[in-house]
Amino acid sequence: MEVRRGKILVLDDEEIVLESVSRILRDENYEVTVCKTGQDALEAAKTTQFSVFVTDLKMPGMSGLETMKQLVEFEAPPAIIVVTGFPSVDSALESLKIGAVDYIQKPFSPDQLVQAVDKAIARQSARKSSSRLETVYDQIRSEIASTLELKKVLGTATEGVTRLLGAQGATLSLVDKKLQQLRLLSSFGLTVDYLKKGPIDLFKSIPETCLNQQCSVISDVEHDARLQYPQAALREGIRSILSAPLVAQGNTVGVLRAYATQPKTFTQEEIDYFVRLADLSSLCIQNARRYQDTKDQYDTLRDDLWDYFDKIGWE
Amino acid sequence: MTARPEKTSILVVDDEQILHESMKRILEEGGYSVDHAFRAETAKKMLSEGKYDIVLTDLMMPGSSGMDVVKEIAELYPDTGVIIVTGYPTVDSVVESVKLGAIDYLRKPFTPDELLDVVKRAVDKLGSKDRREKIQSGFQEVEKALASSLDLQEILKLTCSQVVKLLNVKGSAVLILKPQKRALEIASSCGLSQSYVDKGVMDSNKSIAVALQKGETIVVTDDEFDKNLQYPSEARNEDIHAIVSTPLRVKDTIIGFLRVYSRESRNFDDNEMNALLKFADYAAKSLENAMTFAQVRSDIEGMKKALEEGR
Numbered sequence: 001m002e003v004r005r006g007k008i009l010v011l012d013d014e015e016i017v018l019e020s021v022s023r024i025l026r027d028e029n030y031e032v033t034v035c036k037t038g039q040d041a042l043e044a045a046k047t048t049q050f051s052v053f054v055t056d057l058k059m060p061g062m063s064g065l066e067t068m069k070q071l072v073e074f075e076a077p078p079a080i081i082v083v084t085g086f087p088s089v090d091s092a093l094e095s096l097k098i099g100a101v102d103y104i105q106k107p108f109s110p111d112q113l114v115q116a117v118d119k120a121i122a123r124q125s126a127r128k129s130s131s132r133l134e135t136v137y138d139q140i141r142s143e144i145a146s147t148l149e150l151k152k153v154l155g156t157a158t159e160g161v162t163r164l165l166g167a168q169g170a171t172l173s174l175v176d177k178k179l180q181q182l183r184l185l186s187s188f189g190l191t192v193d194y195l196k197k198g199p200i201d202l203f204k205s206i207p208e209t210c211l212n213q214q215c216s217v218i219s220d221v222e223h224d225a226r227l228q229y230p231q232a233a234l235r236e237g238i239r240s241i242l243s244a245p246l247v248a249q250g251n252t253v254g255v256l257r258a259y260a261t262q263p264k265t266f267t268q269e270e271i272d273y274f275v276r277l278a279d280l281s282s283l284c285i286q287n288a289r290r291y292q293d294t295k296d297q298y299d300t301l302r303d304d305l306w307d308y309f310d311k312i313g314w315e
Numbered sequence: 001m002t003a004r005p006e007k008t009s010i011l012v013v014d015d016e017q018i019l020h021e022s023m024k025r026i027l028e029e030g031g032y033s034v035d036h037a038f039r040a041e042t043a044k045k046m047l048s049e050g051k052y053d054i055v056l057t058d059l060m061m062p063g064s065s066g067m068d069v070v071k072e073i074a075e076l077y078p079d080t081g082v083i084i085v086t087g088y089p090t091v092d093s094v095v096e097s098v099k100l101g102a103i104d105y106l107r108k109p110f111t112p113d114e115l116l117d118v119v120k121r122a123v124d125k126l127g128s129k130d131r132r133e134k135i136q137s138g139f140q141e142v143e144k145a146l147a148s149s150l151d152l153q154e155i156l157k158l159t160c161s162q163v164v165k166l167l168n169v170k171g172s173a174v175l176i177l178k179p180q181k182r183a184l185e186i187a188s189s190c191g192l193s194q195s196y197v198d199k200g201v202m203d204s205n206k207s208i209a210v211a212l213q214k215g216e217t218i219v220v221t222d223d224e225f226d227k228n229l230q231y232p233s234e235a236r237n238e239d240i241h242a243i244v245s246t247p248l249r250v251k252d253t254i255i256g257f258l259r260v261y262s263r264e265s266r267n268f269d270d271n272e273m274n275a276l277l278k279f280a281d282y283a284a285k286s287l288e289n290a291m292t293f294a295q296v297r298s299d300i301e302g303m304k305k306a307l308e309e310g311r
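Protein chains in written order, with my numbering: chain H, 1 to 315; chain X, 1 to 311.
Treat the hints as calculated values from the structure; they're not laboratory data. Quick reminder that beta carbons are idealized off the backbone N, C-alpha and C, glycines included. Please note: incorrect hints may appear among the correct ones.
Unchecked claim - Chain H stretches covered by chain X per the calculated footprint, using a threshold of three residues with CB under 8 Å from any CB of chain X: (1) 83-94; (2) 99-105; (3) 108-117; (4) 168-179; (5) 301-311.
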């Protein structure tokens, strides 16, 4: 069975319309809730998160327009589609100004309705994922910026990128110039087997990220020649990989990678946030290393002081 | 909030000569710069050559229809606002044009006031959209800038300059709380005159005391300066008309405030407020890091000195 494609709330005072609209939408695997009054619809929307609200305009009691006006004030309002038997320029304009995404005139064909709902759902989910990305990114930024401990910065980067992209896992490696290899510093969500797969050659493993400082997308591990260990990746269940360079003073110092278990096409927005996190991570890593160096100096000096006091005695 | 921007540019697309002339006159008197096109083709050509903030277009014209102009703008010039001006609106054309992004409708015949109103509303709408986008993209620069240093003075400076840029305000200041002195000291500022910065000691019990006690963000506009500010006339002399103060928290303790100063007497919209809070949170973390770093550095200096003296 196909998965449910989204929850839809339908408001109309006519039983026959409710029946036909819900039949059409249920046939398309949508989950449908019907209401006969605006009050009922608002109540339903308070307890359930709907993706789309399909509404008539002329009804006894609260009008469709009034219901819409109240609904758009909800925290995450559904997309609104107006369906009316009495179309007018004024009501169309007002509906659209309130925020309706479509205005369908009765009688309409099942296709017309389904198309409008599909489109609204697609728009809604794009908006949702975009606001989710922003929220998650803000959290990660806050976390990674609130520490100077290198370990914590690295851990936040890999855990954060996994969370941001809803991926399987992530790694952060530094470039070892002498060996021409990538040295793993931090990872999240990956097995030891996969992490120990072998030395990672700068020129063989997604080389453009290190050599040309480009973010690169591997959307199908099985058929991509840029991987050094495709079999290990497949065994791990990895199907797609996103890589971004960590740049400091113009040089590539490392690579941040995210691994997904599906052959996934990342949206441009996801890639943008990923690159942004890589950039922020490299700055935070630099700060953490400077702090670490200073802290080391502090520790050495403190030991020297202890030695000194030991020599002259405490009393 | 900045210096007077350039005139809003408007393109009027309509095939009626007489209407054209009167619209041009009304809009120019309203302070807009106006071009016109009699045909959709001409309009498309003009759009490709110059930047227009707003296009007022009829839908029914000889040759290709006004809807083509609307479509072209939706595809190629998404920042341009479209207002449909038409004598014969149909439900279909209304729905189609709004779906394509038209922001308003003006029905012919209209009065000069109706025309100016609809354009003013569009300008406001575009302005807030523009600000929203600028703030969103501005944050990328903010986060890089504030993570680019561990030096306390540098971070203070960056905090002030970045918030001014992000919110496009007159100036800003970081005020650090000195509990023993019951005072707020300006640790860094941007866009303010030296005499304003040096205006006097700020009593932490007087200046925005409420904000301090509750840890809230406070907006004070110029009509409340006398009641709420310790130095109201100095603020007026500085051409400040609104001040927003938001606490800077380090480990749940308020260490001071971030203040932004506006040239206009106004409240900030939700979007700007959220941005300010997000900014303050991030700036506080950078300040905390810089303070931690400075502490270790000063401990090192202390130990070095002790060792030297001992030897």
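Against the structure, the hints come out as follows:
1. 83-94: Satisfied; 5 residues make the cut.
2. 99-105: holds (count 4)
3. 108-117: The restraint on the segment 108-117 of chain H is violated, since only 0 of its residues have a Cβ under 8 Å from chain X and three are required.
4. 168-179: violated (count 0)
5. 301-311: Per the Cβ count (5), the hint holds.
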